[in-house]
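Generate coordinates for the entire structure from the input sequences, incorporating the hints supplied.
Taken in order, these protein sequences are the chains called A and B. Using this note's numbering, you'd call the opening residue of the first sequence number 39 and step up by one each time. Using this note's numbering, you'd call the opening residue of the second sequence number 278 and step up by one each time.
Because the hints were derived from the structure by calculation, they are not lab data. Owing to the predicted nature of the structure, the values given are computational and were not obtained by experimental measurement. It is possible that part of the hints are untrue.
[To be verified] The calculated lysine to any residue pairs, modelled on SDA-like cross-linking and capped at a C-alpha distance of 25 Å, are:
| no. | chain 1 | residue 1 | chain 2 | residue 2 |
| --- | --- | --- | --- | --- |
| 1 | A | K68 | B | E436 |
| 2 | B | K351 | A | A102 |
| 3 | B | K351 | A | D325 |
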Amino acid sequence: MNGRFGKFGGQYVPETLMNALTDLEEEFEKAMSDKSFMDEYRYYLKEYSGRPTPLYFAENLTKALGGAKIYLKREDLNHTGAHKINNVIGQVLLAKRMGKKRIIAETGAGQHGVATATVAAKFGLECEIFMGREDIQRQSLNVFKMKLLGANVRSVESGTGTLKDAINEAIRDWVTNVDTTFYVMGSVVGPHPYPTIVRDFQRVIGDETKAQILEKEGRYPDYVVACVGGGSNSMGIFFPFIEEKEVSLIGVEAGGKGIESGKHAATFQGGSIGVIHGMMTYVLQDDEGQILPVYSISAGLDYPGVGPEHAYLKESGRAKYVYATDEESVEAFMMLSKLEGIIPALESAHAIAYAAKIAPSMEKDKIIVVNLSGRGDKDIDIMSKIMRVEL
Amino acid sequence: MNRIKKKFDLLKSHNEKALITFITAGDPDIKTTADMIFAMENGGADIVEIGIPYSDPLADGPVIQNSSARSLKKGTKIKDIMNCVKDVRSKSDIPLAFLAYYNSIFKYGIERFISESLMAGIDGFIIPDLPIEEREELSLKLRGTDISLIPLVAPTSKERIKRIVEIADTFVYCVSLNGVTGMRERISTDLKTYMETVKQFTPLPRALGFGISNPSIVKDVKDLCEGVVVGSAIVDLISKSRDDQKVKEFVKEMKGALLDENKG
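Okay, here's the thing in structure tokens:
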């Protein structure tokens, strides 16, 4: 298996992990070509998570914007409320196959942590979730859920106390417990083979979307739009469309308080090539390679790097990367709630915001598919504060 | 000849083992770093590792993480560290190695980092996140210079050891345990088998590091290697006292444990 996407990717990790990564790669390759493994994976996607998720024509939103037709890929309807579980089911089955009894994971918004705690509970595995101190505060509902599911939530105090530090700490734990522990990486990031593993367990989003849009419209969409933090939901929906050259792929990063303010997490705006979490990719860093603090209203996008395959898609020009600010995303959050009765995750609201920006000036027969990667229940606290409503 | 190599040759001729000590550059400040290097040298350190502070040191435990964070908060830049090395080099011939995460070197510019290190008088690089699969570019660029790329092996390396030590030309850094840097009460790895395996693949000295934080551990492991690396214990001491006499005393005590021939 090739560990690189062009010049991006690789394995910049301590030597202690190298044999574990090789074992993981070998086992993953075997599993993917093992029919009984794939049958089991698909069984749990269907019966446990509720797939396939609908591709829903957002008629009211389309009318209100007055341009292109907008479809929503309803990943929010998965069990645990986001796309994260697609990948977790795959990796936990892999962990079981490798005989690991303990799993660890990092989480930002808490969606990956909840999905991991959920599947660990289902399969009776010991589960430890690393979460930044800041994120624990802003996503308390998810912290409670993880504990309820029997996971141990470890507060990460180091660095900026957000997602990147949670990944650092999970890697440190893995280095320490490498013989017994399986690291369930939550996004298309980290050392090879993780970006490939996560992509292959998330591509079900794009595979379904392709079939669904053909059935509904008889053709592929003009645009596929998805938010990008590390980039797993976007890679999942993009990947099967890469070969369909007529489909424009658009990743929407977190513009925070605006790029000029410096308070954002839009890695492709102002980032440069470097190494983070074991991979070579675009990183928000200073002249000496120190990783810069990033900011976004959505904890799930608050990440200074980006998956190496996204870096490759950007450099090759196959995908385009833009951003939406906090303000635009909050507006999109409220718009979708009111028009369609769907409360999106603030992460996904970034993708909605960008679609809402381009749709009005497009012809009515054009089609945009937005990946609605998660639901917004977890963001109710933040939103009520923004809207100045006491709960 | 490379100063690290020369030092190991000299120690070998005296039937002695190397004490390699670590310090984070710029913690508490860059001036103190130079003072502490001299204190360690006076205490008996044979080689000093200078840590380039990094925002995301994923091979390090809390002691060195916090030390790096303090240094960066103080505004330590690579230029300051190079100047500090120059200053030390003008007064001492002690072998010096940089401990740097790869992104520090990559982002700074590999050639630029190498040439400035050479000018400053650095003798080796230790890069904890650059396994065989990723080291070729740096390794080629170091070839023919007097800087040694010091490879790390780990207890999990097994069949990888042979390839890891291929490029070694001064010594091999043997990580003592599965985990990150930091002080330990004891080391529970089966070190004997591990260190013998490493020896099968290289005639070069083997330095054992990670968790070696007190004289009793040094006494336990010294017969299994040709040197030990002491990091977090020194960084912790500096963060608590800033007293170079105390650092010198501690280094002296560790060196004493390393020299101690008869008592276990």
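The hints, checked one at a time:
no.: 1; hint: A/K68 with B/E436; verdict: holds, 22 Å
no.: 2; hint: B/K351 with A/A102; verdict: violated, 53 Å
no.: 3; hint: B/K351 with A/D325; verdict: holds, 16 Å
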